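S.K.: Below are the chains, spelled out letter by letter.
Protein chains: 4
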Amino acid sequence: MTSHELTRIGVFTSGGDAPGMNACIRAAVRRAVAEGLGVVGIRRGYAGMIEGDFVEMDRQSVSNILQQGGTILKSARSDEFRTPEGRAKAAANLRAEGIDALVAIGGDGTLQASTHLATEHDVVVVGCPGTIDNDLFGTDETIGFDTALNTALDSIDKIRDTADAHDRLFLVEVMGRDTGFIALACGIGGGAELVLIPEMLTDVGAIKERILSLMAAQSRSSIVVVAEGDELGGAHMIREALSEDPAFDQIDTRVSVLGHIQRGGSPTARDRVLASRLGAGAVEALLEGHAGVMVGVVNGDLKLTPMRNTWSRKKTIDYDLVQLSALLS
Amino acid sequence: MTSHELTRIGVFTSGGDAPGMNACIRAAVRRAVAEGLGVVGIRRGYAGMIEGDFVEMDRQSVSNILQQGGTILKSARSDEFRTPEGRAKAAANLRAEGIDALVAIGGDGTLQASTHLATEHDVVVVGCPGTIDNDLFGTDETIGFDTALNTALDSIDKIRDTADAHDRLFLVEVMGRDTGFIALACGIGGGAELVLIPEMLTDVGAIKERILSLMAAQSRSSIVVVAEGDELGGAHMIREALSEDPAFDQIDTRVSVLGHIQRGGSPTARDRVLASRLGAGAVEALLEGHAGVMVGVVNGDLKLTPMRNTWSRKKTIDYDLVQLSALLS
Amino acid sequence: MTSHELTRIGVFTSGGDAPGMNACIRAAVRRAVAEGLGVVGIRRGYAGMIEGDFVEMDRQSVSNILQQGGTILKSARSDEFRTPEGRAKAAANLRAEGIDALVAIGGDGTLQASTHLATEHDVVVVGCPGTIDNDLFGTDETIGFDTALNTALDSIDKIRDTADAHDRLFLVEVMGRDTGFIALACGIGGGAELVLIPEMLTDVGAIKERILSLMAAQSRSSIVVVAEGDELGGAHMIREALSEDPAFDQIDTRVSVLGHIQRGGSPTARDRVLASRLGAGAVEALLEGHAGVMVGVVNGDLKLTPMRNTWSRKKTIDYDLVQLSALLS
Amino acid sequence: MTSHELTRIGVFTSGGDAPGMNACIRAAVRRAVAEGLGVVGIRRGYAGMIEGDFVEMDRQSVSNILQQGGTILKSARSDEFRTPEGRAKAAANLRAEGIDALVAIGGDGTLQASTHLATEHDVVVVGCPGTIDNDLFGTDETIGFDTALNTALDSIDKIRDTADAHDRLFLVEVMGRDTGFIALACGIGGGAELVLIPEMLTDVGAIKERILSLMAAQSRSSIVVVAEGDELGGAHMIREALSEDPAFDQIDTRVSVLGHIQRGGSPTARDRVLASRLGAGAVEALLEGHAGVMVGVVNGDLKLTPMRNTWSRKKTIDYDLVQLSALLS
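Protein chains in written order, with UniProt numbering: chain A, 1 to 329; chain B, 1 to 329; chain C, 1 to 329; chain D, 1 to 329.
Just chain A, with the same shape it has in the complex (with noise of 0.2 Å):
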């Protein structure tokens, strides 16, 4: 915890973006805003920082967008900012503007980057998680989560109907790259008759086993959910590696990779309350001399976590959902 005069501060929005991030740039500046605190939009995150991309926000600014998805600050990638002169640059351009305290809203890359720049140019930051991938340490959810959830089980329901219909067997591909959530979550929602997650060993033979037994038992629809993270690589190579049985060739297997659709979309209750609650939140930790923490929820309370163990501390999924999700399917 570090003091330090607070008269203006910056919001920006960076990495992959997540339903709800307009609801916690909303919170953040309302937040600033009653307690008579300048605030400045930086676009495009670490490259808007570096090109002094800034725009000066407002109550009304943040009129209206509680309920979009997206960012209305929008994101970018910034190979510049991996260089210290970009940082330094973007250091540089804070100080002109008058910015004492930056609220960063996004994944573990923009907290890792955020980091750097206060390590080096003594910048004040605060981290609200945001990404679909509710892979960050120090939260129980992230902002996204809900939504991207939600969005994939709709998906998979739909897949449902048309799976019943033609008894098929489904690969369903969810975002998550290095964790199941998502995937775990929407299996044990979906009634998913197999979920295959970054955090459990991938057994082709045994994956094999559970569909034929459950294909030709009940000579019905089957729908396996696969996180993108998968040890084996995603929802084609499972196909793949089905298709050389010739156990296989009688089962109409089909993929569908979910996509970018799970990114998108107006957020839910859940996910408005929480960006709400960390928007505000990551102004208030500010406000009482924080820095370099990220806020969270954890057990239903804010809490704050240093930046570092957000992203070098596992979070671990449920493994009582594991075993649920086998024993109802």
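Everything labelled a hint here was simulated from the structure, so no lab data went into it. Because the structure is a prediction, the values reported are computed rather than measured. Don't take every hint at face value.
As the list claims (entries may be wrong) - Between beta-carbon pairs, the in silico distance windows are: (1) A326/B x T83/A: 56 to 66 Å; (2) E56/B x A247/C: 15 to 25 Å; (3) G109/C x A326/B: 16 to 26 Å; (4) E120/D x G300/C: 36 to 46 Å; (5) S243/D x T83/A: 19 to 29 Å; (6) E56/B x V204/A: 35 to 45 Å; (7) E209/D x D320/A: 26 to 36 Å; (8) V204/A x D301/C: 32 to 42 Å; (9) D58/C x N64/A: 17 to 27 Å; (10) R220/B x R308/C: 32 to 42 Å; (11) R59/A x D58/C: 23 to 33 Å; (12) G289/D x G300/C: 22 to 32 Å; (13) A34/B x V204/A: 55 to 65 Å.
Cβ atoms here follow ideal geometry from the backbone N, Cα and C, with glycine treated the same way.
Knowing the structure of chain A, use the given hints to seat chains B, C and D on it.
M.R.: Same frame as chain A, but now just chains B, C and D:
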């Protein structure tokens, strides 16, 4: 905790239906079948228990219901069950059917009634919190709450469109007879200008002042979310109170009572996972010899709470959210 | 058909808002800009016309509104416009602003008012049918009808869940003051046991008989869809009429008035395409020298209808659908 | 038109499933039952016809399916039915079951197959157009088209959120092997910058130029909607073609193939009404002695078209919509 031999259990839903009840039934049935237990579905709650409206259930009986709103076992009111004779008849039917224990899915009325049955006739019961109102102590969320919340919020988003188009004041009544859980989350999630809940005093003067200042300053729409159990008695009563003030003559005020649509619909991902955990958890509690408890999820973990506490102890809203709602609107 | 030089047009929405109005505004603006015309947005309908509440519009002004409910130009009632003085003021403002012609988007009230303006002050107007009620002659569907229908149907699906769970009778009131278009399509689409619409006599005796026979025979839920403009006066009145009969004492009857949620929400694909065609079509009609007409889609093609006919001629429901509804329920 | 005694009909679905097929089955069954006809459900299309997979149906068999996607009668491919022997077996089964006539619900493959059966074995068939592709001559819309369109559009709206957040170019592939109905309506409804359909030549040079000029001028996101049957071969092929041009090195381009989610889901109001009309209409056509025809809705009215015309004649897209799409984007 009592000890009891378990070979055959009964499952039923009672009270107001809630999205996710089917997912809970499915999980209880499949979890029980996996342990070699017989399962009897009791139709129409306590009414069916008295009439012996029983149906044998297996894994297939609960296929394809996970995503459906309502309850396949139906629910009903039973005045007869309020009498000792009614409960005696119910207990006799259970014995005759060879039912050793019950999984009761419903709200506080359901759990209270089951406690009478347990006390008077030594029936083993474990409860699952199924009610959109989220007003049971012993679980962070009840089955159906998240879905009802999203349904209400979706309606509020739609009303915002028309409120904005006409610069109108809308009083939107959501469910919550004794508690403001839905109203409060909807208020934050929908960006409501004001939220009126049973837990807070309703000062008509303050309400008027707030609305008038908002409408004057910004010449725009306002949405007030009112819990049905608000002190004044719901949205229509608020409107009446406002209309007595000539200052409101110029304000185009409309009432929208969302009503029963909040009970239906396909459950959200969160409700499906919660209901699956609780249904399976209830059976596990029975297997471990528990009785007279409700299974809930507290801080992410399954937890048993003595039945009586679930309604006698007050589950409180998060007053930080009340403040947040006021700050952000 | 009159001839007129066209360099600058005004666009406005009036009356009850309808989903798709923004798509219509967008199409009119972009179509006009593509022809080199200037475009002025008139805010809050006729009220804004009298107050000179004008805003210059270009392609960018209508970016990202296609999918939004409500109307960015807002709508309002104007008592002043009902007076010759009010209309004279409006006409003077239009002349002062250099507006040669108007695209009026709204329902019958909007088109009637614009006809007064046209007649008295020689203002060139082409209308677009924007109302969820679908009650304008000269177009197979009005902008917003399809969305309102799907919103109402989604609510009826939800109510079906809870009606089934409790074997209840639900009286669901949908919009339609003078016409049963929404009610009839909702009734067929929702599998309603009965549909009551303004176009048909409401014989309370026959209604009772039908409901009693359904509930008796099948001991299940029933849904009666009631247009707000039903002869008896809506769902609450029907309920009262039923409650006077002791035969209904045993039937758990509930009323749900869907109300304003039917006006909002993101427009359906059909409404977006329709609104885009009509907005562009209105500008094309102006370019071709037409005036005093409404542009509609009849049997798939754009068609112009003299303004007066749109409200003086009666658009009839399809009586085959009434029969179909009865046959299938 | 042939004359035939009618006492017992068969109903089946075949080919790709489409939302609304269940509503069509329900209407056909209930309409037939109301006329005193017996109804046999043939499961899994022609495969079930050959295997004698028949199920007796009555009013209750089709309760509560109106709102469900997929088809309760299931669908399947049948290579055996492509042989004269297979069809002979099917015809024998129909005779043995006492089935006088068939209602065939499906796309062009289904109708062609039924025509072979009719020709070779004098089986009376009336068809209902059930396919999301909308590519059958003789009906303005096919069952499932409106739902698929709205599902695709909802995905495009979500993709727009993330495209905007990152200023990306998205190539979104929607269904439509031979026709651009879905793509074109989605393009207009989603405000796509470009729509590529099988009916139009795909000039890669022109595409590149258009995209580059859009992205340069406005430095913003672009969405290109591609029908799967586009000349170049879908979104992935387009991407490859673009990536060969160094001008696209700077443009962050993503592909999203919506795939099977377009087949499922609860049907829209429009699809439910259409399917109900067609299912009932097919039975009425049989009752009136028709055979070898498909029932469609043309300009709002039921219309019979000789089976052969439904696939041999080309249903054309509305080229005015192609122009409109270009004008408004």
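S.K.: The structure should be examined with respect to each hint, and the outcome stated for every one.
M.R.: Against the structure, the hints come out as follows:
Checking the proposed 56 to 66 Å range against A326/B and T83/A shows it is violated: the Cβ atoms sit about 45 Å from each other. Separation of E56/B from A247/C is about 35 Å and departs from the stated range, judged on CB atoms against 15 to 25 Å. Between G109/C and A326/B the beta carbons are some 39 Å apart, a value that contradicts the proposed interval 16 to 26 Å. Roughly 37 Å separates the CB atoms of E120/D and G300/C, a value that falls within the hinted 36 to 46 Å.
A hinted range of 19 to 29 Å for the beta carbons of S243/D and T83/A is consistent with their spacing of about 27 Å. Distance hint for E56/B and V204/A: a CB-CB separation of about 38 Å, consistent with the stated range 35 to 45 Å. Between E209/D and D320/A, the C-beta spacing of about 56 Å breaks the proposed range 26 to 36 Å. The given range of 32 to 42 Å is broken by V204/A and D301/C, whose C-beta atoms sit roughly 57 Å from each other.
The supplied range of 17 to 27 Å is met by D58/C and N64/A, whose beta-carbon atoms lie about 21 Å from each other. At roughly 36 Å, the beta carbons of R220/B and R308/C sit within the given window of 32 to 42 Å. For R59/A and D58/C, the Cβ-Cβ distance of about 27 Å falls inside the hinted range of 23 to 33 Å, so the restraint holds. Taken as a hint, the range 22 to 32 Å holds for the pair G289/D and G300/C, whose Cβ atoms sit roughly 30 Å apart.
Checked against the given bound of 55 to 65 Å, the beta carbons of A34/B and V204/A, roughly 25 Å apart, lie outside it.
In terms of the numbered hints stated before, the structure departs from hints 1, 2, 3, 7, 8 and 13, listed from lowest to highest.
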